[in-house]
Amino acid sequence: MTSNDQARSLFRVVARQELVELWRGPKGLTVLFAYSGLLAALAYMASADAGLNLLDARESVGIIAQTGVALGALTALVVSADAVSGERERGTLESLLVTPVTKRELVLGKLVASTSMWVAALGVAVPFVVVMARGPGVAIDALVVLVVTGTLVSAALTALGLAISSVAMSNRASIASAMAAMLLLATPSQLPSVTADGVIGNVLIRANPVSAGLKLANEVLVAQRSWASQWTFLLAPAVAAILFTAVAIAAAGRIELGASR
Amino acid sequence: MVGQSAGIVCQGLRVAYGGVVAVDDVSFRVAAGEVFGLLGPNGAGKTSTIRALTTIVAPTAGVAEVGGIPVSDHGRVRRRIGVLPESNGYPGAQTGLGYLCFYGQLFGISRDEAARRAGDLLSRMGLGENARPIATYSRGMRQRLGLCRAMINDPDVLFLDEPTLGLDPAGKKDILAELVDAAATRGAAVLLCTHLLDEVERVCDRVAILAGGVSLAEGTVAEVIARAGVGGVARVTVDPADTPAATAAIAAELPVSGVRYDNTHPGRLEVDQPTEAEENRLLAVLLAAGVQVRSFELDRASLDDAFLALTAGLDLRAEEAA
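Protein sequences, first through last, are from chains A and B. So in this note's numbering, spot 5 of the first sequence is number 26, and the numbers just go up one at a time. So in this note's numbering, spot 313 of the second sequence is number 1306, and the numbers just go up one at a time.
It cannot be assumed that every hint is accurate.
[Stated by the list, open to error] SDA-like mimics (lysine to any residue), calculated; alpha carbons at most 20 Å apart, straight line:
hint : chain 1 : residue 1 : chain 2 : residue 2
1    : A       : K48       : B       : R1125
2    : A       : K124      : B       : G1082
3    : A       : K48       : B       : P1126
4    : B       : K1166     : B       : R1132
5    : B       : K1166     : B       : R1117
6    : A       : K124      : A       : A189
7    : B       : K1166     : B       : Y1130
8    : A       : K124      : B       : R1073
9    : A       : K48       : A       : T113
10   : A       : K48       : B       : G1082
11   : A       : K48       : B       : A1128
12   : A       : K124      : A       : G107
13   : A       : K124      : B       : R1069
14   : A       : K48       : B       : G1091
15   : A       : K48       : B       : Q1087
16   : A       : K124      : B       : R1072
17   : A       : K124      : B       : H1067
18   : A       : K48       : B       : P1084
19   : A       : K124      : B       : A1051
20   : A       : K48       : B       : G1085
In short, the hints are calculated from the structure, not lab data. The structure displayed is predicted, hence computed values, not measured ones.
Could you build all of it, start to finish, from the sequences and the hints given here?
Given below as structure tokens:
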């Protein structure tokens, strides 16, 4: 076995183990259950409003798709923000660091496991979106928004969470920082329409992976604009996914146990 | 390269975290098949020494080799070592078998072979029947599982930081027997960190005492006790009528530092013994003086005494310097 083969194999071993821990333990299922509950409650309210003509059916689909993307990415972010700092806090990191697995392989394996959180969230969100989108006839668009936008936004946030977790010296600091970053990224999507339509507002939204993804969902599903005219909103999530993954891999080298005599 | 030792070579090791020096100029060697005790009070630098030798932290200065490989060669060193850290955690949802298989695979062992080795180790440690999650294990079972994990790759060098902490006497005995066996039958070099000095006296071939990041003494247990300058006590019971003669003979013939009388037991003396060589001589002097000796009991200096003497001296020096 060459060293490259072994590296690939160790990365797979870590990924498999992380997946087992995430889904056989309580963490993954608890987070997924909370995600499902929130999405179900929101879908019920949106459907009820649409039924009472308080909300356009397309707007209901837009809300569910946007929430599915944002909350799904948030679940992956929470799991990845716990990935390294949690190991350190639970006293399991040192045992891993004295094995032949490199820090980079460790982080890549954890990245795969954390990404599975989004895949599971996607599995939960798809039926909600498809059922609600059948009425206004935007099921395909809603699915594409969910899969493409959600995957890119989640990939970016998962990598960001992992990078934070690698350098944070406590799990609490890691999760708090990751949540703060998520709130900061989501802020431009809440700008009043007057500001959002201006030059600065437009730049803020387009440059930010979360707000750009949510804006794309709104433009395609609610405003009925074509993909051809709106695809540029995918640039920020795609660039962020690549950039944050590179940052997470680079931050792997800074994983430390903390000082001890 | 310092040498081709199959164990541990540590020469002038220095570990600093920023401006804080945790280990300064520490030197020792551990040969293959040897159990070496690394002792010291809290904050002595034991864990930092282990972390430097196990590639977790980079030494700031000095030479550190494990299995003949410099610790800067992380990959090769890690393949040859087994480590049980002090505050080791475990994934509660996993079974012991699954946990060991995972670690086996991290050492490049195939899944089937890792499962076979894991099964063997679990049986040997009395954990063979446990297919339940680690969360349900007792502390002793977890420590034994940790030792299994440290041995899953059949390491040349074992680093064990407080492996018997919190265990009952039977658990301690099992763990110590296992590490002695690893050294004796497999030829592994074992570095044992513990506060329990009676354990060290029982199982370690040699020891080093650290305090404040520096090495105070290193050698066999007897050598360290001698270096600490602590002696044992001889308890002698003579005929009460012979007490003055016994005292006079001891004072005249032996360079002992003190003789004490036990007022509750007439005829009983406690004689400080600076060295083991004077034990037989004490008895000979008493007999030659015509003293009727009724009992003679030796309480030799222990590693505990040496440890306290060495570390207390350091505290005094620090206080004086302040």
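To test your reading of the hints: which numbers does this structure violate? Checked against the structure, no hint fails, so every one of them is satisfied.
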